Amino acid sequence: MPKISVKIDDKDLEVEVGTTVLDVCRANDIDIPTMCHLKGLVDVGACRLCLVEVEGTSKLLPSCTTKVQANQVIHTQTDKLKKYRRMITELFFAERNHVCSVCIANGNCELQDLGYKVGMENVRFPYLFQNCEVDSSHSKFVMDHNRCIMCTRCVRVCSDVEGAHNWGIMNRGYQVRIIADFNVPWGDSTTCTYCGKCVDVCPTGALWNKDATQGSMQKYPQAVSDLVEKREMKS
Amino acid sequence: MLKTKKSFLDVELPKSDPRVKLIAAKIKKENYRQDALIEILHTAQNAYGYLPMNVLAFITRELKVPPSRVYSTVTFYHFFSLKSKGDHTCLVCTGTACYVKGAQALLDEIENKFHIKPGQVTPDNQLGVQTARCIGACGLAPAVVVDDEVKAKVTAAQINNIITTKTGVGA
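The listed protein sequences derive, respectively, from chains A and B.
All residue numbers for the first sequence refer to this note's numbering, where the first residue is 613 and numbers rise by one.
All residue numbers for the second sequence refer to this note's numbering, where the first residue is 11 and numbers rise by one.
Since the hints were derived computationally from the structure, they do not count as laboratory data.
Bear in mind the structure is a predicted one, so any value in this text is a computation, not a measurement.
Watch out, some of these pointers could steer you wrong.
[Claimed, not checked] Restricting the straight-line Cα-Cα distance to at most 20 Å, the calculated cross-link-like pairs of lysine to any residue (SDA-like) are:
(1) B:Lys93 to A:Gln787
(2) B:Lys74 to A:Thr805
(3) B:Lys74 to A:Glu774
(4) B:Lys74 to A:Asn795
(5) B:Lys93 to A:Asn783
(6) B:Lys93 to A:Arg789
(7) B:Lys74 to A:Val773
(8) B:Lys93 to A:Val788
(9) B:Lys74 to A:Arg789
(10) B:Lys74 to A:Asp772
(11) B:Lys74 to A:Thr803
(12) B:Lys93 to A:Arg784
(13) B:Lys93 to A:Asn795
(14) B:Lys93 to A:Met782
(15) B:Lys74 to A:Ala776
(16) B:Lys74 to A:Gly668
Input sequences plus hints: build the corresponding full structure.
Take a look at the structure:
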């Protein structure tokens, strides 16, 4: 692969053509927070946390879907970006009902970690307090829409890795919801294979094992990344 | 005996129904291509006026697309509707110009006679009332669209007569 040179946060780097900005940063110990990105899944640029500044462009670009180009100068830790990352985090919390103290994923939650990372002390936006459902119709797992941040990792892992296409997205804007099949209770789904990959990749306490109790839910998104890597090596 | 899960996709549509024939023909014409989903949904919406769940199940099964993708598509686009909009429709423009010229009085008058608010349908499914934010006919304000026909400068005293004359509802 031909190499090109880029400058990220004053570091001069030699990278392969076709690499995303996020991959370059992760490989060079430059920390960019993400929610919807997971190695092995197709990136969609949904969470907007990984936005970076590219010199010569007035727009902020999502680093997970932006490929590096020769001689680019990229900034990842400016005050503007830090301000926006904190704002986005606050909006995650304000949209639905994230109550860590009673959450199944308390202490094992990527959203909680993100709050600490960006230094969120309070939420400056009014909470929507949406009335979301908890779907416990499935025999093994539970879907709690109150904790969902619409990263769509579950949707992508179900369609692209498992190939079952159980999950989909309904409506738009703040009314957007994750659905199973024709918006049926998860337990009535005809496509779910009970594999549990969606539960493993979920960054928050939205998807969990039925036998989990408060704070006990452990997630293993890495398992899916490894699985995809093994499959690619085989082919 | 082996028990299999009853699927909501196991629905039979009456084969003699011309609307079903129309959709089946469209699917065949599109060669069962999954990416023709939106075109096929358009045909179904035009045939029925909305998208009944059993029709969605039929399309899902014929195209072999995931049910969640069909439902996602239908709920994403404003054009598609899962609920009947009524056999006859009355759309009152509530854009700025029409609103200033008294669109709310028209809606109140309709509610007085037919007891339906915007987005609702009469219990016999005869009439549905909708609103739109500007239909691009501000010079005709307040504008009303009754069964695809635009009526200009409608007053509160006229509105129910216009609906009845055009659709026969409430005669």
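Here is how each hint holds up against the structure:
In summary, the hint linking Lys93 (chain B) to Gln787 (chain A) is supported, as the alpha carbons are separated by about 17 Å, within the 20 Å threshold. Among the hinted pairs, Lys74 (chain B) with Thr805 (chain A) is consistent with the structure: their alpha-carbon atoms are about 17 Å apart, no more than 20 Å. For the suggested pair Lys74 (chain B) and Glu774 (chain A), the alpha carbons sit about 17 Å apart, so the restraint of at most 20 Å is met. Note on Lys74 (chain B) and Asn795 (chain A): the hinted pairing holds, with a Cα-Cα distance of about 18 Å set against a maximum of 20 Å.
Between Lys93 (chain B) and Asn783 (chain A) the CA atoms are separated by roughly 14 Å; this keeps the pair inside 20 Å, and the hint holds. Restraint check for Lys93 (chain B) and Arg789 (chain A): satisfied, since their Cα atoms lie roughly 19 Å apart, inside the 20 Å limit. Annotation: proposed proximity of Lys74 (chain B) to Val773 (chain A) holds, straight-line Cα distance about 19 Å (limit 20 Å). Between Lys93 (chain B) and Val788 (chain A) the CA atoms are separated by roughly 18 Å; this keeps the pair inside 20 Å, and the hint holds.
Only pairs whose Cα atoms come within 20 Å are accepted, and Lys74 (chain B) paired with Arg789 (chain A) is rejected, the gap being roughly 23 Å. Distance restraint check for Lys74 (chain B) and Asp772 (chain A): the Cα-Cα separation of roughly 16 Å lies within the 20 Å cut-off, and the hinted pair is therefore satisfied. Of the supplied pair hints, the one linking Lys74 (chain B) and Thr803 (chain A) holds, its CA atoms being roughly 12 Å apart against a limit of 20 Å. Distance check on the hinted pair: Lys93 (chain B) and Arg784 (chain A) sit about 17 Å apart at the alpha-carbon level, within 20 Å; holds.
Taking the CA atoms of Lys93 (chain B) and Asn795 (chain A), the gap is about 15 Å. The hint holds against a cut of 20 Å. At most 20 Å may separate the alpha-carbon atoms for a hinted pair to count; Lys93 (chain B) and Met782 (chain A) meet this at roughly 15 Å. About 12 Å separates the Cα atoms of Lys74 (chain B) and Ala776 (chain A), which keeps this hinted pair within 20 Å; it holds. The suggested pairing of Lys74 (chain B) with Gly668 (chain A) is violated, with an alpha-carbon distance near 46 Å, which exceeds 20 Å.
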